[in-house]
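Q: Spelled out, the chains give:
2 protein chains.
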Amino acid sequence: MAKNLEITILLDFYGEMLTSKQREFLDFYYNEDLSLAEIAANVGITRQGVRDAIKRAECLLYDMEQRLGLVARFKDVQNGLDEIMDCATKISAENRKNGLSREISDLTVKIKSIALSLSE
Amino acid sequence: MAKNLEITILLDFYGEMLTSKQREFLDFYYNEDLSLAEIAANVGITRQGVRDAIKRAECLLYDMEQRLGLVARFKDVQNGLDEIMDCATKISAENRKNGLSREISDLTVKIKSIALSLSE
Chain A
1 MAKNLEITIL LDFYGEMLTS KQREFLDFYY NEDLSLAEIA ANVGITRQGV
51 RDAIKRAECL LYDMEQRLGL VARFKDVQNG LDEIMDCATK ISAENRKNGL
101 SREISDLTVK IKSIALSLSE
Chain B
1 MAKNLEITIL LDFYGEMLTS KQREFLDFYY NEDLSLAEIA ANVGITRQGV
51 RDAIKRAECL LYDMEQRLGL VARFKDVQNG LDEIMDCATK ISAENRKNGL
101 SREISDLTVK IKSIALSLSE
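Chains as they are written, first to last, in our numbering: chain A, 1 to 120; chain B, 1 to 120.
Just chain A, same shape as in the assembly:
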């Protein structure tokens, strides 16, 4: 069972739709990086039981993304914000080259700071 990094972002988006038990198992496995055996020892069930519970919870997360597509929607936004930051950097450089308008400089800083604050 390979650990899937995508799961952590799905957990961030949709985790609250899982039971607290399911969230706990995924959190142990993905965020705390415990092994199945360690989780089994912690919670007092079999390794196979932990494995099944994690698989089931992962399926629920994948199913939600397949239905709702909100992680994909956010990724598009993130890519767009990256492009916007890149444009703002270029404006700033071009502005510095051409006689330096203080106002343009301030506005590019503001664009970058907004884009950065939305990129979490």
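Incorrect hints may have been included.
Copies of the same chain are indistinguishable here, so a pair counts whether it falls within one copy or spans any two.
Below, computed lysine-lysine pairings styled on DSSO-like, alpha-carbon distance capped at 30 Å [what the hints assert, rightly or not]:
#1 K75 <-> K55
#2 K55 <-> K110
#3 K90 <-> K110
#4 K110 <-> K21
#5 K90 <-> K55
#6 K55 <-> K97
#7 K97 <-> K75
#8 K21 <-> K97
#9 K97 <-> K110
#10 K21 <-> K90
#11 K75 <-> K110
By construction, these hints were calculated from the structure, which means they are not laboratory data.
Following the hints, complete the assembly by docking chain B onto the known chain A.
A: The following block gives chain B in isolation, referenced to the frame of chain A:
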């Protein structure tokens, strides 16, 4: 039972987690603007049955937003994109005032077009 405009955006985000029946009722009621009596006549159940089904589906949508908060998250992004477009417009005006760099002009157009394409 007042029609709630917020429901249409919740339906857009989370509708795929409802049953097709629930989606159909909410779609009739909110998007097609049919009355409870009209929906009841269409689907062959009582007006009270339609009303209960719609209430239940609305509760599910509100519950999902309370858990996941993804509509709120997207609204923050939309507000930030509006601010970015506003800054780009100001840069463009300032740039025009100060000797007109073609490159800055093109870059502000690009920022606005990216921000607009993400604002759906």
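Q: Taking the hints in turn, state whether each one holds.
A: Taking the hints in turn, this is what the structure says about them:
no., hint, verdict
1, K75 <-> K55, "within (24 Å within a copy, 33 Å between copies)"
2, K55 <-> K110, "neither (44 Å within a copy, 43 Å between copies)"
3, K90 <-> K110, "both (14 Å within a copy, 12 Å between copies)"
4, K110 <-> K21, "neither (43 Å within a copy, 47 Å between copies)"
5, K90 <-> K55, "neither (46 Å within a copy, 51 Å between copies)"
6, K55 <-> K97, "neither (56 Å within a copy, 61 Å between copies)"
7, K97 <-> K75, "neither (33 Å within a copy, 36 Å between copies)"
8, K21 <-> K97, "neither (58 Å within a copy, 61 Å between copies)"
9, K97 <-> K110, "both (19 Å within a copy, 20 Å between copies)"
10, K21 <-> K90, "neither (48 Å within a copy, 51 Å between copies)"
11, K75 <-> K110, "both (22 Å within a copy, 19 Å between copies)"
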